[in-house]
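Asks: The listed protein sequences correspond, in order, to chains X and Z.
1 is the number of the first residue of the first sequence in the numbering used here; add one for each residue after it.
209 is the number of the first residue of the second sequence in the numbering used here; add one for each residue after it.
Any given hint could turn out to be false.
Unchecked claim - The list that follows gives simulated cross-link-like pairs (lysine-lysine, BS3-like), each with its CA atoms no further than 25 Å apart:
hint : chain 1 : residue 1 : chain 2 : residue 2
1    : X       : Lys32     : Z       : Lys236
2    : Z       : Lys289    : Z       : Lys240
3    : X       : Lys207    : X       : Lys160
4    : Z       : Lys236    : X       : Lys207
5    : X       : Lys126    : X       : Lys208
6    : Z       : Lys240    : X       : Lys147
7    : Z       : Lys292    : Z       : Lys236
8    : X       : Lys32     : X       : Lys208
9    : Z       : Lys287    : Z       : Lys240
10   : X       : Lys183    : Z       : Lys292
11   : X       : Lys183    : X       : Lys173
12   : Z       : Lys240    : Z       : Lys292
13   : Z       : Lys289    : X       : Lys207
14   : X       : Lys32     : X       : Lys183
15   : X       : Lys160    : X       : Lys173
16   : X       : Lys104    : X       : Lys126
17   : Z       : Lys236    : Z       : Lys287
18   : Z       : Lys287    : X       : Lys208
19   : X       : Lys208    : Z       : Lys240
20   : X       : Lys173    : X       : Lys147
21   : X       : Lys32     : Z       : Lys240
22   : X       : Lys207    : X       : Lys183
23   : X       : Lys74     : X       : Lys107
24   : Z       : Lys292    : X       : Lys160
25   : X       : Lys145    : X       : Lys207
No wet-lab data here; the hints were simulated from the structure.
Residues per chain are reported as follows:
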Amino acid sequence: MKNKLTILFAFVLVFSVFPQAVSADLIISGTKSVNWCYEISNINDYPNYVFVFNEERATGHGIINQGDCFSFYKIGLTSIYAIPRTEFNESELNREFFEENNPKLIKSNIQLNAFGSVQENDPLQKAVITLDVQSLSENSFDIQKSKVTYTYTDGTSEEKVFQSQGTMPEPSKTAILPWWFAKFWYIILPIVAIALIGMILLIRRLKK
Amino acid sequence: MSPMYWYILSLIITILIEFGVIWIFIRKDISKLFLYAVLINSFTLPIATFSYQNIIDNFFLIEILVLLAESILIMLLLKTKYSKALLISFVANFITAMISLLFFI
Chain X
1 MKNKLTILFA
11 FVLVFSVFPQ
21 AVSADLIISG
31 TKSVNWCYEI
41 SNINDYPNYV
51 FVFNEERATG
61 HGIINQGDCF
71 SFYKIGLTSI
81 YAIPRTEFNE
91 SELNREFFEE
101 NNPKLIKSNI
111 QLNAFGSVQE
121 NDPLQKAVIT
131 LDVQSLSENS
141 FDIQKSKVTY
151 TYTDGTSEEK
161 VFQSQGTMPE
171 PSKTAILPWW
181 FAKFWYIILP
191 IVAIALIGMI
201 LLIRRLKK
Chain Z
209 MSPMYWYILS
219 LIITILIEFG
229 VIWIFIRKDI
239 SKLFLYAVLI
249 NSFTLPIATF
259 SYQNIIDNFF
269 LIEILVLLAE
279 SILIMLLLKT
289 KYSKALLISF
299 VANFITAMIS
309 LLFFI
């Protein structure tokens, strides 16, 4: 029992000192996470290579095939690599394999971030970020973000082209109202109003 | 001006107009009539705006549904005949719909 209490106390202490360790996996009040992923549009143009992504903190690695949409731990930074197909052995893929000096790996110029969250009442539901391989050789791998496809809660979707690699194009549809006001306006206000109407009618009937 | 203030302003304008119309038809107990106008519109306006923005992009259909919903609430709260409640609801919603078309949509 004493040991359990000590462990519990240690947890509380650690998460009090490093609050970001707690908030990393929580959704902040008033926000929602968007279903997001990355895809590479032209993998089939490079049949001599296998494409993999690696995120060191939690997700680990994965093979990227044409048509795959991959995502990773939200606070992780992910790199994309190409491996010559002749040198690829799936069983070799582990944490050590992705060390800087591995000669089999051709590291791309890009580092990928998670999409993040949006306001709770935001109509954005999904974001698919499309990457294009610009060039790939034995010692260089250039990949660019080409477009993002936003899908909204009403079922519509749109494509936005990247004007700058560092800036995510903004979705056209965003939340009109602050989340707390939307909650008040669309939920609390009509419920309170109809409840009061019901109470008035009920009291009137009981008085009869 | 923030959209939030437009929402609140539209609710206040709607309540005042519908209260005025109800008062023209039923000239008694002004405070109760005002309370009923507040409650009825606090119920229908948020649902109508949500429906217009997310479910049915048809202003006239939503207005008709609001008119019918409000006529029932007016009948129950004001203890009037349904025909009179429907007339009150029609006049009130016709005026607010015209204002919405002119200024808000």
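Asks: Indicate, hint by hint, whether the structure satisfies it.
Replies: Hints, one by one, checked against the model:
no.: 1; hint: X:Lys32 / Z:Lys236; result: 49 Å, violated
no.: 2; hint: Z:Lys289 / Z:Lys240; result: 18 Å, holds
no.: 3; hint: X:Lys207 / X:Lys160; result: 62 Å, violated
no.: 4; hint: Z:Lys236 / X:Lys207; result: 20 Å, holds
no.: 5; hint: X:Lys126 / X:Lys208; result: 55 Å, violated
no.: 6; hint: Z:Lys240 / X:Lys147; result: 57 Å, violated
no.: 7; hint: Z:Lys292 / Z:Lys236; result: 15 Å, holds
no.: 8; hint: X:Lys32 / X:Lys208; result: 49 Å, violated
no.: 9; hint: Z:Lys287 / Z:Lys240; result: 12 Å, holds
no.: 10; hint: X:Lys183 / Z:Lys292; result: 34 Å, violated
no.: 11; hint: X:Lys183 / X:Lys173; result: 18 Å, holds
no.: 12; hint: Z:Lys240 / Z:Lys292; result: 18 Å, holds
no.: 13; hint: Z:Lys289 / X:Lys207; result: 21 Å, holds
no.: 14; hint: X:Lys32 / X:Lys183; result: 14 Å, holds
no.: 15; hint: X:Lys160 / X:Lys173; result: 12 Å, holds
no.: 16; hint: X:Lys104 / X:Lys126; result: 34 Å, violated
no.: 17; hint: Z:Lys236 / Z:Lys287; result: 12 Å, holds
no.: 18; hint: Z:Lys287 / X:Lys208; result: 14 Å, holds
no.: 19; hint: X:Lys208 / Z:Lys240; result: 19 Å, holds
no.: 20; hint: X:Lys173 / X:Lys147; result: 17 Å, holds
no.: 21; hint: X:Lys32 / Z:Lys240; result: 41 Å, violated
no.: 22; hint: X:Lys207 / X:Lys183; result: 35 Å, violated
no.: 23; hint: X:Lys74 / X:Lys107; result: 21 Å, holds
no.: 24; hint: Z:Lys292 / X:Lys160; result: 53 Å, violated
no.: 25; hint: X:Lys145 / X:Lys207; result: 69 Å, violated
In this structure, the earlier hints numbered 1, 3, 5, 6, 8, 10, 16, 21, 22, 24, 25 are contradicted, and the remaining ones agree with it.
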